[in-house]
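In order, the protein sequences belong to chains P and Z.
Residues in the first sequence are numbered from 1 upward in steps of one, following the UniProt record's numbering.
Residues in the second sequence are numbered from 1 upward in steps of one, following the UniProt record's numbering.
Simulated from the structure, these hints should not be mistaken for lab results.
Certain hints may be false.
To be verified - Here are some of the chain P residues that sit facing chain Z, going by a computed Cβ distance under 8 Å:
no., residue
1, ASN51
2, ASN82
3, THR85
4, LEU89
5, VAL188
6, SER277
7, MET282
8, THR322
9, ILE327
10, GLY329
11, THR332
12, ALA334
It should be emphasised that the depicted structure is a prediction, and the values quoted were computed from it without experimental measurement.
C-beta atoms are modelled at their ideal positions from N, C-alpha and C, and glycine is treated no differently.
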Amino acid sequence: MSDTTPTAAPERAAGLPAQSPPVDPAETAKADTSARLSWWRGDGGEGAKRNIGLLATLVVLVVIGILTRPDLYGDASWVWGNTLTILKLASVVGVVTVGMTFVIIGGGIDLSVGAIVALAGVWCTTLATQSYGAGGMIFSALTVGLAVGVVNGLLISYGRLVPFIATLAMMVAARGLAAEISDKQTQVSNDTFINGIASTNVLGIPLLVYILAAVVLAGWVLLNRTTFGRRTVAVGGNPEAARLAGINVRRHTVLLYALSGLCCGIAAIMLTAQATSAQAAMANLYELDAIAAAIIGGTLLSGGRGTIIGSLLGVIIFSTITNLFAINGLSTEAQNMVKGGIIVAAVLVQQVQFRSLSQFLARNRATTT
Amino acid sequence: MTSDLSRRRLLFGGAALSAGVLLAGCTSNEQAPTAAQTKAAATGANNEPGKKVTIGFSAPAADHGWIAAITNNAKAQAGAYSDVELKSVEAGADAAAQRAALSTLISQKPDVIVLLPHDGKELNAFGLEAMKAGIPVVNLDRAFPDARAYRLQIKGDNYGMGVAAATYIAEQLKAKGVSNPVIGEIPGIDSLELTQERSKGFADTLASLGLKVANRRPAEFTADSGQQAATGLFQALPKIDAIWNHDDDQGIGVLAAVNQANRKEFFMVGGAGSKKAMEDIAADNTVLKATVTYSPSMASSAISLARLIGQGKGMSDLVELQVPKEIVLASETITKENASNYLKLGF
Numbered sequence: 001m002s003d004t005t006p007t008a009a010p011e012r013a014a015g016l017p018a019q020s021p022p023v024d025p026a027e028t029a030k031a032d033t034s035a036r037l038s039w040w041r042g043d044g045g046e047g048a049k050r051n052i053g054l055l056a057t058l059v060v061l062v063v064i065g066i067l068t069r070p071d072l073y074g075d076a077s078w079v080w081g082n083t084l085t086i087l088k089l090a091s092v093v094g095v096v097t098v099g100m101t102f103v104i105i106g107g108g109i110d111l112s113v114g115a116i117v118a119l120a121g122v123w124c125t126t127l128a129t130q131s132y133g134a135g136g137m138i139f140s141a142l143t144v145g146l147a148v149g150v151v152n153g154l155l156i157s158y159g160r161l162v163p164f165i166a167t168l169a170m171m172v173a174a175r176g177l178a179a180e181i182s183d184k185q186t187q188v189s190n191d192t193f194i195n196g197i198a199s200t201n202v203l204g205i206p207l208l209v210y211i212l213a214a215v216v217l218a219g220w221v222l223l224n225r226t227t228f229g230r231r232t233v234a235v236g237g238n239p240e241a242a243r244l245a246g247i248n249v250r251r252h253t254v255l256l257y258a259l260s261g262l263c264c265g266i267a268a269i270m271l272t273a274q275a276t277s278a279q280a281a282m283a284n285l286y287e288l289d290a291i292a293a294a295i296i297g298g299t300l301l302s303g304g305r306g307t308i309i310g311s312l313l314g315v316i317i318f319s320t321i322t323n324l325f326a327i328n329g330l331s332t333e334a335q336n337m338v339k340g341g342i343i344v345a346a347v348l349v350q351q352v353q354f355r356s357l358s359q360f361l362a363r364n365r366a367t368t369t
Numbered sequence: 001m002t003s004d005l006s007r008r009r010l011l012f013g014g015a016a017l018s019a020g021v022l023l024a025g026c027t028s029n030e031q032a033p034t035a036a037q038t039k040a041a042a043t044g045a046n047n048e049p050g051k052k053v054t055i056g057f058s059a060p061a062a063d064h065g066w067i068a069a070i071t072n073n074a075k076a077q078a079g080a081y082s083d084v085e086l087k088s089v090e091a092g093a094d095a096a097a098q099r100a101a102l103s104t105l106i107s108q109k110p111d112v113i114v115l116l117p118h119d120g121k122e123l124n125a126f127g128l129e130a131m132k133a134g135i136p137v138v139n140l141d142r143a144f145p146d147a148r149a150y151r152l153q154i155k156g157d158n159y160g161m162g163v164a165a166a167t168y169i170a171e172q173l174k175a176k177g178v179s180n181p182v183i184g185e186i187p188g189i190d191s192l193e194l195t196q197e198r199s200k201g202f203a204d205t206l207a208s209l210g211l212k213v214a215n216r217r218p219a220e221f222t223a224d225s226g227q228q229a230a231t232g233l234f235q236a237l238p239k240i241d242a243i244w245n246h247d248d249d250q251g252i253g254v255l256a257a258v259n260q261a262n263r264k265e266f267f268m269v270g271g272a273g274s275k276k277a278m279e280d281i282a283a284d285n286t287v288l289k290a291t292v293t294y295s296p297s298m299a300s301s302a303i304s305l306a307r308l309i310g311q312g313k314g315m316s317d318l319v320e321l322q323v324p325k326e327i328v329l330a331s332e333t334i335t336k337e338n339a340s341n342y343l344k345l346g347f
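Please model the entire structure based on the sequences and the hints provided.
So, in structure tokens, the structure goes:
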């Protein structure tokens with residue numbers, strides 16, 4: 001990604017006039033002002049408009065829930081509990097999605113997130129690690145996640161592998177290693193502190209929801225209020241221009257994948273706590289859930305644009321759909337079909353709204369060279 | 001005879017135990033099968049060393065406790081016989097990979113092949129080919145549609161698991177005097193034939209008693225998917241009387257969800273018979289009150305019978321001179337009362 005040929009650069013820049021990297025101080029200042037104008041995200045209101053659309057979708061889903069199960073929705077304490085359940089079910093994928101959003105905005109993709117969660121989870125529940133207590137388990141999960149992310153980043157930026165290939169290879173390898181470490185067994189976590197993460201409520205709200213909120217807040221600040229965030233947008237929008245502007249694109253790419261890996265480490269602790277165990281097949285297909293949530297949240301799959309709040313709403317929409325199908329006793333097959341439809345619809349809207357088809361094709365040609 | 005038997009058991013048990021302790025000390029996560037999961041034939045002439053038999057073995061390298069136990073049991077059982085040599089190949093990720101692995105096995109000309117196919121339908125042709133080449137095939141667990149493709153089929157009873165679970169649940173509800181009970185179901189991977197058979201056995205039996213499943217949320221045989229499916233089920237059903245969860249591995253997650261949602265108004269029946277499930281049932285401090293078996297000890301039985309087939313012997317308790325063509329294990333119900341008997345079979 002970091003080595004786009006110079007000939008492709010003007011074309012790419014033309015496709016993205018608004019997102020040219022903040023080279024001079026004046027540009028940076030302008031970006032700052034627009035960021036302050038919209039708390040959603042500093043892209044001049046487009047992100048906010050989209051997020052209102054996502055909120056409307058969420059409201060529609062809730063209305064469908066009220067219409068189909070008035071008996072359940074008539075009970076206020078059930079509604080409150082159900083809302084918390086939806087947020088709890090969104091929490092693990094939500095944390096993974098924050099990391100994924102950074103990677104995609106930076107012009108990459110991370111297919112290995114589900115496998116990293118499994119590897120970090122299995123690592124933290126091995127008996128050897130459990131004997132060091134909760135501290136050892138948390139430390140090992142975070143370190144493993146971070147380390148795998150760094151390897152991904154190094155393969156992509158210095159090994160010059162296409163992100164798709166590098167992380168696909170990691171997806172297979174990490175699951176293999178997880179199966180090896182766990183001897184294909186489900187490893188039960190005996191640590192009450194770890195297991196307590198999933199069952200503890202603070203002020204009536206599950207701890208998992210606080211963790212999600214903290215990660216989302218940190219991600220939002222990082223993307224919208226720091227140089228790191230602005231560089232991410234620049235690298236994803238036009239890597240060549242970003243390089244010419246003095247950004248160390250390779251190092252930045254490594255950091256993006258490391259961030260994604262770290263998020264997977266956090267998610268692994270949360271998921272292990274929820275299931276009170278870990279195994280090599282856990283977090284199955286989380287990569288697709290995270291990518292889908294980021295995309296319906298408005299993140300451009302080819303990089304350069306995206307919002308953390310949008311991704312969060314994407315995750316919550318999926319978890320609300322799952323809940324809607326569960327309370328109505330409908331099959332998961334039908335649920336997956338609806339999910340697929342929503343992804344297609346979101347991408348179609350994205351294309352119509354933000355660029356004409358010809359621009360889209362031209363851009364795609366440029367990306368694939 | 002009896003002294004010989006007990007000494008053999010003692011020796012093997014001691015060896016397995018010390019190996020287990022050794023492994024636990026080194027790698028912490030390896031699990032050796034208990035002595036009871038493997039068993040040398042106890043009576044008649046069948047346990048006397050006979051003609052040397054080479055058994056080719058292939059099972060999928062799945063990342064699930066049950067499949068891992070299948071492979072471990074087969075290896076341990078083969079090790080218990082001085083006249084058996086086991087040639088094991090991993091089956092890889094799918095049916096095509098398993099076919100490739102099996103063709104290398106055929107070229108080594110084993111006396112018998114024992115395999116757990118990824119899918120019986122997809123590997124039926126291999127069974128025909130091996131049988132045609134004069135190598136008897138013992139199919140473990142996943143049936144071949146063609147009767148000429150195998151010498152022996154030994155499998156668990158998926159439909160019977162559903163029947164056993166429904167029977168237990170109905171009995172308990174009746175004993176408690178619950179009318180119009182709310183019954184939930186958490187199956188495994190819904191697209192698998194074995195899951196569909198389990199659910200059908202469950203639904204059929206319930207229907208015959210005038211009951212039905214209120215809601216079913218499939219999981220993926222993993223603890224984290226079990227936790228999420230159970231959480232969904234709890235939201236849909238504010239009050240539940242009984243749940244059948246098909247798989248004890250995913251049951252770890254289901255029980256976690258029970259604690260997290262603080263829902264204890266129902267009782268649960270598991271499936272397969274893992275060691276942890278049996279311990280929970282015996283301790284009687286969770287909602288898990290029973291589990292219906294689908295034991296990986298069938299792999300040990302398959303190796304024993306493959307040896308007899310290779311030696312041209314029959315099963316000594318039967319009048320027949322040869323091993324039968326088909327064996328379907330009964331799905332047994334493990335409760336607090338009999339858990340201690342079954343604990344040694346847990347995986």
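Quick rundown of the hints versus the structure:
| no. | hint | in the structure |
| --- | --- | --- |
| 1 | ASN51 | violated (26 Å) |
| 2 | ASN82 | holds (6 Å) |
| 3 | THR85 | holds (6 Å) |
| 4 | LEU89 | holds (6 Å) |
| 5 | VAL188 | holds (6 Å) |
| 6 | SER277 | holds (4 Å) |
| 7 | MET282 | holds (4 Å) |
| 8 | THR322 | holds (7 Å) |
| 9 | ILE327 | holds (4 Å) |
| 10 | GLY329 | holds (4 Å) |
| 11 | THR332 | holds (6 Å) |
| 12 | ALA334 | violated (12 Å) |
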